[in-house]
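Once you've looked at the hints, dock chain B against the given chain A.
Okay, here's what each chain looks like letter by letter:
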Amino acid sequence: MGRLAKITRRTFLGLGLAAAGGLAVGYYYYRKPYANPLEGLLAEGEQTFNPFLTIGQDETITVFAPRAEMGQGVHTTLAAFVAEELNVGLDRVRVDHGPPSPAYYNEAMLKEGGPFAFFDESISAELTRTAMGVIAKFLAMQVTGGSSATVDAYVKMREAGCAARHVLVAAAARRWEVDAATLEADNGQVTNPATGDSLTYGALAAEAAALDPPSDIVLRPRDEWRLLGKPQKRVDLMDKVTGGRIFGIDVELPEMLYGTVKMSPHFGVGAKAANLDAARAVPGVRDVVPIETTTGKGFGIIADHTWAAFKGAEALEVEWEDAPYPADTGGLSALFDQALDRDPDFELGTTGDVVAALDAAPASEMLEATYSAPFLAHATMEPMNATARLKDGQLEIWTGTQAPGIVQMTAATLLGLERDAVSVTTTRLGGGFGRRGEVDYPLYAAALAAHTDGRPIKVTWTREEDMRHDTYRPMAKARFRARVPNGAMPSALDATFAGPSIMKSVLTRTFPDMSPMGPDKTLVEGAHDQPSLIENRRFAGCVVDLGIPVGFWRSVGNSMNAFFYESFLDEMAEKAGMDPFEFRLSILNGAEHRPAREVLTQAAIMADWGTPLAERSGRGIAHTISFGTWVAQVIEVTDTGDGIRIDRVCCAADPGLVIDPVLFRDQMMSGIVFGLSQAIGQEITFAGGGVEQENFSDFDAIRMAQCPRIEVELLENSPKMGGAGEPGTPPSVPALANAIFAATGKRLRDLPFTREVEFV
Amino acid sequence: MTLTVNGTNHDITADPEMPLLWVLRDLLNIKGPKFGCGVAACGACTVLIDGQPVRSCSLPVSAVDGPVTTIEGLAPDGRLHAVQQAWIDHQVPQCGYCQSGQIMAAAALLADNSQPDDEAIDAWMDNLCRCGTYPRIKAAIKDAATRGET
Chain A
0 MGRLAKITRR
10 TFLGLGLAAA
20 GGLAVGYYYY
30 RKPYANPLEG
40 LLAEGEQTFN
50 PFLTIGQDET
60 ITVFAPRAEM
70 GQGVHTTLAA
80 FVAEELNVGL
90 DRVRVDHGPP
100 SPAYYNEAML
110 KEGGPFAFFD
120 ESISAELTRT
130 AMGVIAKFLA
140 MQVTGGSSAT
150 VDAYVKMREA
160 GCAARHVLVA
170 AAARRWEVDA
180 ATLEADNGQV
190 TNPATGDSLT
200 YGALAAEAAA
210 LDPPSDIVLR
220 PRDEWRLLGK
230 PQKRVDLMDK
240 VTGGRIFGID
250 VELPEMLYGT
260 VKMSPHFGVG
270 AKAANLDAAR
280 AVPGVRDVVP
290 IETTTGKGFG
300 IIADHTWAAF
310 KGAEALEVEW
320 EDAPYPADTG
330 GLSALFDQAL
340 DRDPDFELGT
350 TGDVVAALDA
360 APASEMLEAT
370 YSAPFLAHAT
380 MEPMNATARL
390 KDGQLEIWTG
400 TQAPGIVQMT
410 AATLLGLERD
420 AVSVTTTRLG
430 GGFGRRGEVD
440 YPLYAAALAA
450 HTDGRPIKVT
460 WTREEDMRHD
470 TYRPMAKARF
480 RARVPNGAMP
490 SALDATFAGP
500 SIMKSVLTRT
510 FPDMSPMGPD
520 KTLVEGAHDQ
530 PSLIENRRFA
540 GCVVDLGIPV
550 GFWRSVGNSM
560 NAFFYESFLD
570 EMAEKAGMDP
580 FEFRLSILNG
590 AEHRPAREVL
600 TQAAIMADWG
610 TPLAERSGRG
620 IAHTISFGTW
630 VAQVIEVTDT
640 GDGIRIDRVC
650 CAADPGLVID
660 PVLFRDQMMS
670 GIVFGLSQAI
680 GQEITFAGGG
690 VEQENFSDFD
700 AIRMAQCPRI
710 EVELLENSPK
720 MGGAGEPGTP
730 PSVPALANAI
740 FAATGKRLRD
750 LPFTREVEFV
Chain B
0 MTLTVNGTNH
10 DITADPEMPL
20 LWVLRDLLNI
30 KGPKFGCGVA
40 ACGACTVLID
50 GQPVRSCSLP
60 VSAVDGPVTT
70 IEGLAPDGRL
80 HAVQQAWIDH
90 QVPQCGYCQS
100 GQIMAAAALL
110 ADNSQPDDEA
120 IDAWMDNLCR
130 CGTYPRIKAA
140 IKDAATRGET
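Chains A and B are the protein sequences, given in the same order. Taking numbering that gives the first Met the number 0, the leading residue of the first sequence gets 0, the next gets one more, and so forth. Taking numbering that gives the first Met the number 0, the leading residue of the second sequence gets 0, the next gets one more, and so forth.
Just so you know, the hints here were simulated from the structure itself, not pulled from any lab data. Hints are not guaranteed to be accurate.
Claimed, not checked - If the Cβ cut is set under 7 Å, some of the chain A residues that face chain B in the computed set are: (1) Gly70; (2) Arg244; (3) Asp249; (4) Glu251; (5) Met255; (6) Trp306; (7) Gly429; (8) Asn694; (9) Phe695; (10) Arg702.
The structure presented is a predicted model; accordingly, all values stated were derived computationally and were not measured. Just so it is clear, CB atoms sit at the ideal spot from N, CA and C, and this is done for glycine as well.
Chain A extracted, bound-state conformation (with noise of 0.2 Å):
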């Protein structure tokens, strides 16, 4: 216990000194604003007030999105943020995503990247929040991600709404010489009603532009909101049901050509041998190149059109240097056990003296079990794409990212470029799921753009290539041990985690003269950050080092941990003989845990849980809480005969603020389905060291004909805001497993499902 305290200790020191050393830079630096990029960016007769919003002469008012599009609907409530204090409707509102820009920096997600719950409100937790809110500042990281779009926006981008209406009406009093309290902003324009007189946005936007924002800005108090926590409409859907051009895949211009790319299937290493002659033979491939970055070796295919260089990229003859790790499965899984068997390398959320409770525990009430996820692709529906421009010393990139700040950096880096010289339009994003916090593909299009005499190449990956190449949902193993008496609360409960570092195989391909500091928590969240009363508890972290890129993929570490720890607390139910959900009740009895209490006990209402259900049929329950938002889901499912039916899913949910009820339910329901399509099915697997699966023949998801009935409702328990992305993920897949054994008897264990049982 010692040793891991004192490892557990040093990481905070980590996280300490990097705060420090951001402070000793000057706390001047963290207060001051930085510059704003929309000024450079202006078009004739256009006006900008803050990074996020530009208004126009011809009253287009424009709000730019710090975070990216990629279906959950930021851009139409982040732009509500904004007309809500701006006072105009959300149709009145163009919304584009911004540049790459530190004025785009994301707090709200380092700020709980510290490893404590998020109802941890002990000193160290807040000390924590406040020192990685001043680093996140220094970082200036401009990501989608951690399911913080809205909580990260809710009060700055309520304030440039609110700041930039106190200005026009300053514009308009100083035009009518009048005191500015007399009047008011409304609809778009500025109105005296003591004369009657009216003045537009637009009109008024050149001069207000010029007078200092207000310091002492009040926004407008909950009860009092017009736009904000009513459903929007959302604001894309005219381009998304006429084939709009907004995919980065739809990017066109003049003179541009058209590439893909063949990167070596061996993660770590590139070509042994290779005869480009029959690649370059293929109508329509113009050239072909080696492509070397960070994120991988292989070669280039540059063409008339994308499919020559799909013809191209399959005519290559290459024999790749051998896999710097075990080339199949199964070794790679051996590497995962001996992990679970050594010392663990860190503990996270540990209480209590989880040893000697289990060391004095008599054989009977012992429970113990250990349970697998696989490696997962992310699949988005759009395939990996770029196009990039390299023209007098300027690079210009067009692509659909969650981290264009990065994409800019990276870019610069392998071309030899100034970080100014590097523009990145960021374009809507067909499916994101954390796929597209990747620089790998930007990357490969400025490689290309490099060897095309300054015309634009768009380079798009096939799905093959984009299946065989991602950065996947790290495999894990989790052994679980639990002192378990009959009847009554588990008084010990050891949790074990073998994965690898997320963390460490994104600094190592993106930024890889960074080390990272202290323990990945994304090895054990999910599990050590749960509520629970148990009062022996233990999460430890086993790293496996492989080699095998690994990113964030939906829920990240909760995708897996989650399903293993709410089955786990399944399990320790039918061994104390106790209900499912009463169980959960009795373990979750602190008074920081109301949110859960609630969001189980309205889901069980929801489902009429501990009703009779017909025979072969079951219910299942699991809660989680992640990314802020406490959710919890029943699952009813049914022992068809020729495989389980899931019928429903009954999902209740706590982000402690609801912005905007249909699209966070719809964001719920997008993760259910997300989570559940992972439980049923998929799985990325390794055979002579290159990943197996190739296309959606092989790793598919849910479709229409199996996809359940889902009820989502929301409460507002939580002191706290939630996210939305994400949360409606972790809790899908454990419900469904504890459905299953309440249907069949039979206690699921390893994902996907289908290695035991069949689905219709």
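Quick look at chain B alone, frame taken from chain A:
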């Protein structure tokens, strides 16, 4: 060869094996049909040929034997098709990438069966959506059907 797309004739010079999708996207700059898989597994590239839904990523352009309609041609007079309007009313799209294909498949379904029940929708609509918009797709199809103007 000549290809009729959304009522316009195009003279095409292309490898006869080039899939219709890439002719549309890269040669004719018609970007509504999307590339998702290249093996007819996801349906993002769905277009209509003679009114029948076809996965254009796997159909050689030389095999096209009728007029092609892409989502750009679904509402030629600028008025949205009933399916498109229902998609807006039900806020179906999330990322939106699969929705051109979903809408084309749904339009073809309603042309074939004006009042599809759940089973008919499940059987016909097997396009992939990674955002999981299926419940709203189903509701929107039923709504479009009741408007009876497909």
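Going down the list of hints, with the structure as the test:
For the restraint placing Gly70 of chain A at the interface with chain B, the shortest Cβ-Cβ distance is roughly 3 Å, inside the 7 Å limit, so the hint holds. The beta carbon of Arg244 of chain A is positioned within 7 Å of a beta carbon in chain B (closest approach about 5 Å), and the interface hint is therefore held. Given the 7 Å rule on beta carbons, the hint for Asp249 of chain A holds: about 4 Å separates it from the nearest Cβ of chain B. Among the interface hints, the one on Glu251 of chain A holds; its C-beta lies about 6 Å from the nearest C-beta in chain B, closer than the 7 Å criterion.
With 7 Å as the threshold, the beta carbon of Met255 of chain A stays out of range of chain B, its nearest partner Cβ sitting at about 9 Å, so the hint is violated. Satisfaction of the interface hint for Trp306 of chain A is found here, the shortest Cβ-Cβ separation to chain B being roughly 4 Å, below the 7 Å cut-off. For Gly429 of chain A, the suggested interface contact is upheld, since its CB lies about 3 Å from the closest CB of chain B, less than 7 Å. The interface hint given for Asn694 of chain A is met, as the beta carbon of that residue sits about 5 Å from the closest beta carbon of chain B, less than 7 Å.
With a cut of 7 Å, the hint placing Phe695 of chain A at the interface with chain B holds, because the nearest CB-to-CB distance is about 4 Å. At a threshold of 7 Å, the smallest CB-CB gap from Arg702 of chain A to chain B is about 5 Å, leaving the interface hint in force.
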